[in-house]
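Visitor: Listed here are the chains, written in short residue letters.
Number of protein chains: 2
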Amino acid sequence: MNILYDERLDGPLPTPDRTALLHKLSIRVPDLQILHTEEALKPYECDGLAAYRTLPLLVVLPETIEQVQRIMQTCHELNVPVVARGAGTGLSGGALPLQQGVLLVMAKFNRILEVNPQGRFARVQPGVRNLAISEASVAHGLYYAPDPSSQIACSIGGNVAENAGGVHCLKYGLTVHNLISIEIVTVEGERMTLGNDALDAPGFDLMALFTGSEGMLGIVVEVKVKLLPKPQVARVLMASFDDVEKAGLAVGSIIAAGIIPGGLEMMDNLAIRAAEDFIHAGYPVDAEAILLCELDGVESDVDEETARVREVLEKSGAIAVQIAQDEAERQRFWAGRKNAFPAVGRISPDYYCMDGTIPRRELPGVLKGIAQLSEKYGLRVANVFHAGDGNMHPLILFDADQPNGLETAEALGGEILELCVRVGGTITGEHGVGREKINQMCAQFNDDELELFHAVKAAFDPKRLLNPGKNIPTLNRCAEFGAMHIHRGELPFPELERF
Amino acid sequence: MNILYDERLDGPLPTPDRTALLHKLSIRVPDLQILHTEEALKPYECDGLAAYRTLPLLVVLPETIEQVQRIMQTCHELNVPVVARGAGTGLSGGALPLQQGVLLVMAKFNRILEVNPQGRFARVQPGVRNLAISEASVAHGLYYAPDPSSQIACSIGGNVAENAGGVHCLKYGLTVHNLISIEIVTVEGERMTLGNDALDAPGFDLMALFTGSEGMLGIVVEVKVKLLPKPQVARVLMASFDDVEKAGLAVGSIIAAGIIPGGLEMMDNLAIRAAEDFIHAGYPVDAEAILLCELDGVESDVDEETARVREVLEKSGAIAVQIAQDEAERQRFWAGRKNAFPAVGRISPDYYCMDGTIPRRELPGVLKGIAQLSEKYGLRVANVFHAGDGNMHPLILFDADQPNGLETAEALGGEILELCVRVGGTITGEHGVGREKINQMCAQFNDDELELFHAVKAAFDPKRLLNPGKNIPTLNRCAEFGAMHIHRGELPFPELERF
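In order, the protein sequences belong to chains A and B.
The numbering of the first sequence is our numbering, which starts it at 2 and goes up by one.
The numbering of the second sequence is our numbering, which starts it at 2 and goes up by one.
Looking at chain A on its own, in the form it has when it is part of the complex:
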């Protein structure tokens, strides 16, 4: 199915006795819903990275923390790997099942346990949708800040596992910055609280370590999140540019002017046209790039910043700057951006969504590099960015029905990510490593660093039963992956000149 991932490189997983497992689970975990027929397992064969599919050994759908504890105890005893799954919206295959493993689906943990306006927090179960937290808090004038584009569907447990971002994370931080504490169940079935009401808890910061660990350290069973007061005013400016690099430079100039926008997003012409055609957001379809810049806070403050941002944009060569005139227009401007992925899906049989980050100053050069790679591979690339924090989402358009369709797209994607690493960036911004980018991790980290990751993993999960084969590659994989590169006549890190 894909050229880059080869399961054998991670070494064999134990082959569990499915019948014995089913039997033990049914005895030890009363009332647990277990799916085991092929028909029932089918809907769980992939997450949001649909190019990778595997039927799990079993699916379990616990409803209580005690059930999760007993499931983990049982699997631990029988050496059965466990993959946890939230809403399954993840784009890097972090919740891709294992043929030899149990898929632990947290969908039934869907209750909001407490919204506390005085303490400005909410306690929720991990299956609660991201947006539902804000909806439950709106009566108090509060909201939960991190807003991944999938926020209608994605769950907070998955957000913790991936340390999810969103268009507002430049100003309001990632998931980890908006958590107070999390309840987890360990691989051995112990219950534990990580984090604390205090700003700085004593001991090692295991909550920060756990957040973004992609299901490799434990199972999230409850989350206590911070709630923020809704800004009095939010205003969006849309600037059009006749040149992508000018738009890239404008991003740096806004930040350098001492303004931290609530959101600062960029789209190139291909993305603009696709979104406009789908959403009718009012985007300028002839522009080579647009920037969307949201300012929020108290009104007088926003007025002043709006004037300053407009000035910066005009000095940076914007050909037009438009301010959303009312809330409806503001929502339309954002709807175009938030629906950019499905919009691109309408103009191409398939697309492959990348997720790399780069230092902001490298934006113009990397855009040029992507254009060159697009030409080299003969595949169109639409660019959508969380520009403010240098997080890019190049969308590679391809046709999986063509010979080598996916393979070519993956190879192009791999080169884009390696370009990100070369300019000092990373292979993932907010979508995680999962299964998808396991090989690129070999480019991001050296053996010493990977060994340290594995040692930390072993501190939580010495038997390596939690989500094996994701996130942190084995040294063996990296050695083989490097060898494959050389075998094809290319070094993984040719000493290329920078763009």
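There could be a bad hint or two in this list.
Remember, identical chains collapse to one label, so a pair may be satisfied in a single copy or spanning two.
To be verified - Pairs of lysine-lysine residues, derived as DSS-like cross-links and limited to a Cα-Cα distance of at most 27 Å, are as follows:
#1 231 to 172
#2 227 to 377
#3 247 to 227
#4 25 to 227
#5 369 to 247
#6 227 to 172
#7 316 to 231
What the hints contain is simulated information worked out from the structure, not anything from laboratory work.
Position chain B relative to chain A; hints supplied.
Guide: Using the frame of chain A, we list chain B on its own:
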């Protein structure tokens, strides 16, 4: 010297061959400054927690990262424990030397390597003073936000080790929130970068794990920090109260009104009088408590928030609200607060500075509890708080020359911390655990949690050579500590009613 810490509970440390170590270091690390005479070692026998003193085996003062690597390689090979020390201002004994260990003093790493106004970061060596970073950035209108009261003297490497806070961390975050990446040397002498320019780096978040780990995971050799634009305006309100609990309630009301002040500090009458007598800050010496509330941002915004905070304070029962009329008065108001510790030092032969945190809502009840404990032990307690984030600094006044002077103060301090834990808080806010609070960690965490800490520690330092006996107690220590408590007729956690 102190009743609460007993070194034997951690098991014996290896007894190194001092002569062999000296010999190897002098061969392997050319040009390394080594101190080994009693006279030369004496100045390093304690850090800011001067009640605990130990002469180290040796003091080394490296100047380059390569020297640090070779020192670590040598100590690792010879099984010699290593304690790193920054400026030695820490208040929990985190840099207290070991008789059997090398004290690695980072004072010579005192260069600012880069101030980058476009990228809004500074790269500095770990021995650079906290305030020096802001001083070097002021020409660009930038500053480094975390501002511990010791910022004139404390070093950024120590700030990383302790995850230091300060009066502005409520709004601007702790050290960990203001770091981009750190360079470390591992116990085996390997060099490694933790963190990344990207907002969310792939792999486990080892930078967050490392920050606040109190020298137990590695040695910080370079730090890349975020710089923020200096706020246009900063304004301080001072509110006086005739009742400590009313002041405590006002804190919650300010936060509940949707305002996040740049700083929100509280002092009680004893602290007010001591500070006023020392600094002549203009504090109302008859008030039972004062709140200092700083608002910063653009002028119009600050004007509006000032009016709202004044209203909240008056509604909360403030008997007077005063606004600093100019920058000089603002600096005076803060000088009183920042010098509260030395001010208390003038009115008592000795004082013991505590550092606990509690949920904000528990502030009034805990203040009452501290007053009761103060009476029980017959020792005065001055209260100074980072009220906004629930971080308390009760200062216990005592006379070490009295029989059992320190022991009584420590026992009172211990009870205050246990009170913090009982109401859902922690035993340390920003000063760290170090040597001082190692026993209270047994109250904060259970065996499963401590085991996990030790497993994480072992991932970085399997031989346990880095700062042993600090921060994370051994299970043996906690078992014995519990037993001692019971032996004295007191359970560590009597099921007391909450205040």
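Visitor: Confirm or reject each hint.
Guide: Comparing the hints with the structure gives:
1. In this assembly of identical chains, residue 231 and residue 172 lie within 27 Å of each other by CA distance both inside one copy and across copies; the values are 14 Å within and 16 Å between.
2. For the identical chains of this complex, residue 227 and residue 377 are neighbours neither inside a copy (46 Å) nor across copies (38 Å), given an alpha-carbon limit of 27 Å.
3. For a Cα distance limit of 27 Å, the shortest separation of residue 247 from residue 227 across copies, 25 Å, qualifies, whereas the shortest one inside one copy, 37 Å, does not.
4. Proximity of residue 25 and residue 227 under a CA criterion of 27 Å is satisfied in neither setting, with 39 Å inside one chain copy and 53 Å between copies.
5. In this assembly of identical chains, the alpha carbons of residue 369 and residue 247 lie at most 27 Å apart only when taken from the same copy (12 Å versus 61 Å across copies).
6. Both within a single protomer and between protomers do residue 227 and residue 172 lie at most 27 Å apart by alpha-carbon distance, with minima of 15 Å and 14 Å respectively.
7. For the homomeric pair residue 316 and residue 231, the shortest alpha-carbon distance between copies (23 Å) is at most 27 Å, but the shortest distance inside one copy (32 Å) is not.
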